[in-house]
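Here the protein sequences line up with chains B and R, keeping their order.
Going by this note's numbering, the first residue of the first sequence is number 1, and it counts up by one from there.
Going by this note's numbering, the first residue of the second sequence is number 1, and it counts up by one from there.
The set of hints was computed from the structure by calculation and includes no laboratory data.
Where hints are given, some of them may not hold.
Listed below are several chain B residues computed to face chain R (Cβ distance under 10 Å; list not exhaustive) [claimed, not checked]: (1) Lys2; (2) Pro23; (3) Thr25; (4) Leu106; (5) Ile109; (6) Arg121; (7) His125; (8) Arg129; (9) Gln169; (10) Met170; (11) Leu188; (12) Ile209; (13) Ala259; (14) Arg260; (15) Gln323.
As a list, the in silico DSSO-like pairs of lysine-lysine whose alpha-carbon atoms are at most 30 Å apart [said to hold, decoys possible]: (16) B:Lys272 to R:Lys75; (17) B:Lys268 to B:Lys199; (18) R:Lys148 to B:Lys268.
So these bits of chain R aren't anywhere near chain B, every CB distance computed over 10 Å [stated by the list, open to error]: (19) Gln20; (20) Pro83; (21) Glu99.
Note that this is a predicted model, so its numbers are computed, not measured.
Built from N, CA and C at the ideal position, the CB exists for glycine as well.
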Amino acid sequence: MKGNEAIAEAAIQAGCRFFFGYPITPQNQIPEYMSKRMPQVGGCFLQSESEVAAINMVYGAGGAGARVMTSSSSPGISLKQEGISYIVGAEVPCVIVNMVRGGPGLGSIQPAQSDYYQATRGGGHGDYRMPVLAPGSVQEAVTLTQDAFDLADRYRTPVMVLGDGLIGQMMEPVDMDQAADRKPAEDLPAKTWAATGHKPTDEAPRAIINSLYIDPVVLEQHCMKLQAKYDAIEAAECRWQEEMLEDAEIVIVAYGTTARIARSAMRKCREKGIKVGMIRPITLWPFPEAAIRATLKTAKKFLCVEMSTGQMIDDVKLAVEGQRPVEFYGRTGGMVPTVGEIVEKLESMNGAKTGVEQLLNQTGAALDQAANAAQKTFASIGQKIEQKVNDPAFVQKTEELKQKTGEFAGKALDGLAKGATLLGEGLNKAFGALSGLVSGEKKNDNNDKEGNE
Amino acid sequence: MEKQFLIAGFGGQGVLLIGQLIAKAAMREDFEVSWMPSYGPEMRGGEANCAVVISDEEIGSPLVTEPPVLVAMNKPSLAKFMPKMAPGGILLYNASLIEDVELRDDVTVIPVPCNQIAEELGNQRTANMVMLGAVLGATRFVGADSLKETLREWLGEKRAAMLDINWQAIERGQALNA
């Protein structure tokens, strides 16, 4: 199925019976599909006069306790922001699909991920967050759309499914049997707050769906209540996928379609012996910070790949807390990064050494020189010893010694990178001492080498 | 094992369908598949293309930027995508519509007179099926039975009578480089 159609059917199977929307490429198959399917299941499809109208219809249907969805693409989602903010304030559950296209403005109709800030930072006015789910395949788009309805009901919040033009347009095999007739999670609270025209009771008092709190004391309390809700979501609902992280020295962070392209690049780099792994955030908010921090034990560098000029990279940097460099590769405006481009970037990252590694290389060079010096000394003593030096066994021993030193240096690198500066200082001293051992002439050689590097 | 296809031509030539049938037939043989159409302000007569990836593991990129197999149904598509082909790839082009072009010598070139064969069969609309058959013959991405079953399923009961003519077209294409 096409991603857009799969999302629409998944919503219906999850009990969505109201869809309000306004056409925009590249998500038009969602309303098109809904217009056909909703009447078949006794639901309501309505093409509104504008995006603003659509989101306010969602507000109304959600306020009455129905499972409701709207979908749009970037410029249309911008128009919906006022309504989303109201829906958050009034704590109304609903699902919003954004098939992101290139921006700003009307932009292009090709895929993009440049609405990351808008989606994860709230987007509309006021102090709020909203769960954002980013599918990486058509099958996952189905699962996440259905989960979105449960999440929305559980926390009384709008939930955004953030795809891009590729996810919407791509056709992949989908197991719809698994998704068929998906019932709401059994432990969801009853919607006693919903304005259904019911007679007020103790369990379900008079329902008022509203986001206006004139008294700042009361509004602050309301905001703190929302904040407590966000804390609970952060604690319980964060999702991500880990790939090839066990020994990953470069960790890619990418989501959605970009993660798939990055996955191909990762596999290519692995074939070349470059230790690349990947974290794919599935929830963009809450962001899998802890999972990213957990990779610090092997990761030397991070690469954030996005179809934007760099938005999620901020969250990656916050997660890494400045402990490692975080680099970026992205295309924007509807352009999609290619596997080759990402491989090239990863190769250049693998080639370029960090400052610490450079220091260790220098140390290594000094050790090499010390070994050379030793060899020369031996040579001057006599032919026999020279033979000894050239003897394969001796060469091998020297190599072993160098390897061991290398191993030590590797361990030192880890320690140093983790902030064990003492060790670094010790290493510096060792380096200094070694340099001292080597004659002035050889030191110059060393400097030449550095220049070449 | 991963196989990538890029199929391009005029809108209306059935290029998206060629891709869909390749993907569906491979799905029938339990491969992972993806089908990604170009989309945009397109129309009949405009340019259309789709990327198909078949793999025995989870598919990474659904896009095909350096096609190992390129199907060009018309001249503009050939001009656009042939330079992007991976060396050693397979180029199948519609020889009925593409003449007098300089072809790359580092790829296997298979001319397929799609429209001519379709005309011989008495149904111009099977030109894309001739090409699909040629792709099957050149790459053997699935067994012929899988493709036939896929076609039967796609035609459905309403158009079941069309199976024969379409399958003939596929067989003619396949025979070109079997």
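Quiz item: Given the proposed pairing of B:Lys268 with B:Lys199, does the C-alpha separation stay at or below 30 Å?
Solution: Outside the cut-off at roughly 64 Å; violated.
Self-check item: Assertion that R:Glu99 lies farther than 10 Å from chain B (Cβ)
Solution: Holds, since 32 Å exceeds 10 Å.
Practice problem: With a cut-off of 10 Å on the beta carbons, see whether B:Pro23 makes it to chain R. | Solution: violated (14 Å)
Exercise. Grab the minimum C-beta distance from B:Arg129 to chain R and call the hint holds if it beats 10 Å, violated otherwise.
Key: Because about 31 Å separates B:Arg129 from the closest Cβ in chain R, which is outside the 10 Å limit, the hint is violated.
Quiz item: Can the restraint linking B:Lys272 and R:Lys75 be considered satisfied, given a maximum Cα separation of 30 Å?
Solution: violated (37 Å)
Quiz item: Any CB of chain R closer than 10 Å to the CB of B:Met170?
Solution: With a minimum Cβ separation of about 5 Å from chain R (threshold 10 Å), the hint on B:Met170 holds.
Quiz item: Should the hint that B:His125 touches chain R count as held when the rule is a Cβ pair under 10 Å?
Solution: B:His125 check fails; min Cβ-Cβ to chain R is 34 Å, beyond 10 Å.
Quiz item: Does B:Ala259 pass the interface hint, meaning its C-beta sits closer than 10 Å to a C-beta of chain R?
Solution: holds (9 Å)
Quiz prompt | Restraint satisfaction for B:Lys2 [CB to CB of chain R, less than 10 Å] | solution = The hint holds - B:Lys2 has a Cβ within 10 Å of chain R, the shortest such distance being about 9 Å.
Self-check item: Non-interface label on R:Gln20, tested against every C-beta of chain B at 10 Å
Solution: It is violated; R:Gln20 is separated from chain B by about 7 Å at its closest Cβ, not greater than 10 Å.
Quiz prompt | Interface hint status, B:Thr25 versus chain R (Cβ within 10 Å) | solution = Holds: closest Cβ of chain R sits about 7 Å from B:Thr25, inside 10 Å.
Quiz item: Hey, does the B:Ile209 contact hint survive, CB to chain R under 10 Å?
Solution: violated (38 Å)
Violation of the numbered hints given earlier is confined to hints 2, 4, 6, 7, 8, 11, 12, 15, 16, 17, 18, 19; the remaining hints are satisfied by the structure.
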